[in-house]
Amino acid sequence: MNNNDTKSILLVGVGGQGTILASKILSEGLVRKGYDVKMSEIHGMSQRGGSVTTHVRYGTKVDSPIVSEKSADVLVAFEKIEAVRWLDYLKDDGILIVNDFEIYSLPVLMGTADYPKDVIEKLRANVSKLKVFNAAKIAEDLGNIKTQNIVLLGSLIKAMNLTSLNWESVLKELIPAKFYDINIKAFNIGLSL
Amino acid sequence: MSKRICMGNEAIALGAIAAGVKVVTGYPGTPSTEIIETFVHEKNPNVNVQWSTNEKVALEVAAGAAYAGARAMVTMKQVGLNVASDPLMCLSYIGVEGGLVVAVADDPGPWSSQTEQDTRSFARHANLPVFDPSSPEEAYEMVQEAFNLSEEFKLPVILRPTTRVCHASATVRLKDDVKQITTLGFEKRPEWCIFPSLSYVKHGELEIKQNTLSNKFDTSIFNKIFKGSRKGIAVSGVSYLYLKEVIKEFNLDVSIFKIGTPYPLPAGLAEKFVSTVDSILVIEELDPIVEEQLLILAAGRIPIFGKNTDDTPYNGEFSFEVIKKALFGYLGIENKEEPKEELPQMPMRPPVLCGGCPHRASFYAAKIATKDFKKPIYCGDIGCYTLGNAAPLNMVDTCLCMGAGITVAQGLALAEPGTKCLAFIGDSTFFHTGIPGVINAVYNNTDITIVVLDNRTTAMTGCQPHPGTGKTAMGEPAKALDIEAILRACGVEEIYTVNPFDYSESVEVFKKAVSFNGPSAVIAKAPCITLIKMPPTVHRVNESCIGCLNCINELGCPAMTPNEKGFVVINESTCTDCGLCANVCPVDAIQRGERNG
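Listed in order, the protein sequences are those of chains A and E.
Residue numbering for the first sequence follows the numbering used here, beginning at 1 and increasing consecutively.
Residue numbering for the second sequence follows the numbering used here, beginning at 1001 and increasing consecutively.
These are calculated hints, taken from the structure and not from any lab test.
Don't take each hint at face value.
[What the hints assert, rightly or not] Subject to a maximum C-alpha distance of 35 Å in a straight line, what follows is the list of computed DSBU-like cross-link-like pairs (lysine-lysine):
id	chain 1	residue 1	chain 2	residue 2
1	E	1525	A	122
2	E	1525	A	178
3	E	1512	E	1525
4	E	1248	A	131
5	E	1175	A	172
6	A	185	E	1003
7	E	1244	A	7
8	A	70	E	1512
9	E	1244	A	33
10	A	61	E	1525
Bound conformation, chain A alone (with noise of 0.2 Å):
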């Protein structure tokens, strides 16, 4: 049994991001490659805009579903600030992939808490490779601001090398027909970036 081929993704964002749905379409990817794969996600309370994430471990053969810390050899943030608070997890040469954006929680909007500063600059000094873009403001320019986390998943396959399979059907039939076209344009300028 070879367990050293194992690649682990973690995708953190904000409930209502559509973290699941990156992870859903990423995973059905990798098994049509013939991949091992396994994913991990959290249903429940955290949806309703919590901290959430999704494990994604694809290989020969993938014994857990979980990212356990500095493992991950992606680690994509839909949200800012989620990528500082599960930098642990990323492996020492890991890619990190920010999404540009932030989400003010309750306690920031109420002014219990303050968003912090500087983040990008923080992660800079951190990782090595990094990719920082705002996949909000390119769907919102597509649109529909919903597609963002296709734009992300787009730009992980590519980090991933995985862009040989045919991701397009994969979308076809995960998402619903009249989201398509919009979708397979986000996906694409992800793929660019």
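We have chain A already, so just place chain E on it with the hints.
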């Protein structure tokens, strides 16, 4: 045989279908909900699937089906088993004819639960066998074996997946054929009626069955010994997968006893393990079920480490890190923890009521209506609306368990006469266990105000139908039970139904209901935002905003954010045009407008 990526809960449902299950019941509860949702999605014509009013009802309906020889399954979360414990305890005596699998999802962490109780302890308490899957693949196989075992021993069998099995996805090999079950129907026998004299006999039989079950489990494919060094590890549940990774990562030499049936422990296999190792570290989340049985079996012959020696924690989820620490300590390996880079602490991101959530409007109207009363107490219940406890609403002072808001409010009112106690309860929770509390308040004429937050769905678990929605689990039309009529039939005389987004009307209604001396009720009726189509209009903040932030500080709606100049901006992608914010703006700067795009 086909391969499919399945969530654990899906695998459990698909396994049950392959096993020929005929009747499936349950009440939604994270992390168990998707088991029944999979049956709904699969639309298998041979399976009768129901959402039940509560877990006790669900288990009893499933038991009835199993009495008649059908294979039946009931699903719930761990705290649901508390509600269903009465029929469960009795069923272990009475038994079943057809296979009955009680699928109870545990939530170590907990991620989405009131307790971290361990259903394996419940299994031991009820003298019932329990399967503890480590993965979705194993859960698929175990559920099928659980049906066979249930029929062989004429006992309900518990399947206990945890969050990391329920909500993990993996590639599962699915059988193409479905087991054909032929039933003779219900056979009338005196043993179906529990009486003290019968219970005495059945109790004795049940104790004997524990030994037979234990022997049976010695040859179960879910229990295995992997021989290595004389350092032993006994492991149950998902921890087995983390353990495998720690062992591979650090190339460790240990003997492993992998246990898929933690109660009753396979005693023969356990004895074999005890006799081939010098010591055992037990790795299992939550209660020391395996550990205590091993301690008894080993009887001091070899040391057993685990919770009794503070080497593993009782609370919280296990992980690679937790197991690595315990294992390194056990093997005497120095655990060199690299110093972590100093990163600033990020502000908390607790879950919140959605933008446009009708619960916010109800809570706010109740808050304003009761502000002149002396110390009103707001009792909450289980659902999305528990989130009303957070600032700025601060409208949930108590939350205990399903249905307890209405009853705890009565106790508070008795202890503090003259204090106005409001009990908030969701529509699904009202049907679940709310109604007996209403009757109790009327019967004893206790001065409380029941507030039914009727959002027309079971929202927290992902919007399942309930008896008030007019739809069955399968989406077919059903009689929609009228909450107001039920309250009236229970004897409540002072009842108001209001749209919580009608702010001034709601405040008036709450004032009247709370002022009433005796049991009163307000039904705040507006659909959950996940059920509505976004309207073509939104609310917008115009240039007259003075930046007082009163809207944000009063309501805490996540659709509202201050901009860099300190004025409020409403996010159009999350604004449902509920208009609640317009009521709290002192300068009328929030107005309805056309939605962009």
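Each hint tested on the structure:
1. Taking the CA atoms of residue 1525 of chain E and residue 122 of chain A, the gap is near 47 Å; set against the 35 Å cutoff, the hint is violated.
2. Restraint check: the Cα-Cα separation between residue 1525 of chain E and residue 178 of chain A comes to about 32 Å, which is no more than 35 Å; the hinted pair holds.
3. Under the criterion of a C-alpha separation no larger than 35 Å, the hint pairing residue 1512 of chain E with residue 1525 of chain E is consistent with the structure, at around 17 Å.
4. Under the criterion of a C-alpha separation no larger than 35 Å, the hint pairing residue 1248 of chain E with residue 131 of chain A is consistent with the structure, at around 32 Å.
5. For the hint linking residue 1175 of chain E to residue 172 of chain A, the alpha-carbon distance of about 27 Å falls within 35 Å, and the restraint holds.
6. At roughly 31 Å between alpha-carbon atoms, residue 185 of chain A and residue 1003 of chain E fall within 35 Å of each other, so this suggested pair holds.
7. Simply put, residue 1244 of chain E and residue 7 of chain A have alpha-carbon atoms about 16 Å apart, close enough for the 35 Å limit, and the pair holds.
8. Of the pairs offered as hints, the one joining residue 70 of chain A and residue 1512 of chain E is violated, with about 58 Å between alpha carbons and a cut-off of 35 Å exceeded.
9. Between residue 1244 of chain E and residue 33 of chain A the alpha-carbon distance is near 25 Å, which keeps this suggested pair within the 35 Å criterion.
10. With a C-alpha separation of about 51 Å, the suggested pairing of residue 61 of chain A with residue 1525 of chain E is violated against the 35 Å cut-off.
Checked against the numbered hints given earlier, this structure breaks hints 1, 8 and 10; the rest are met.
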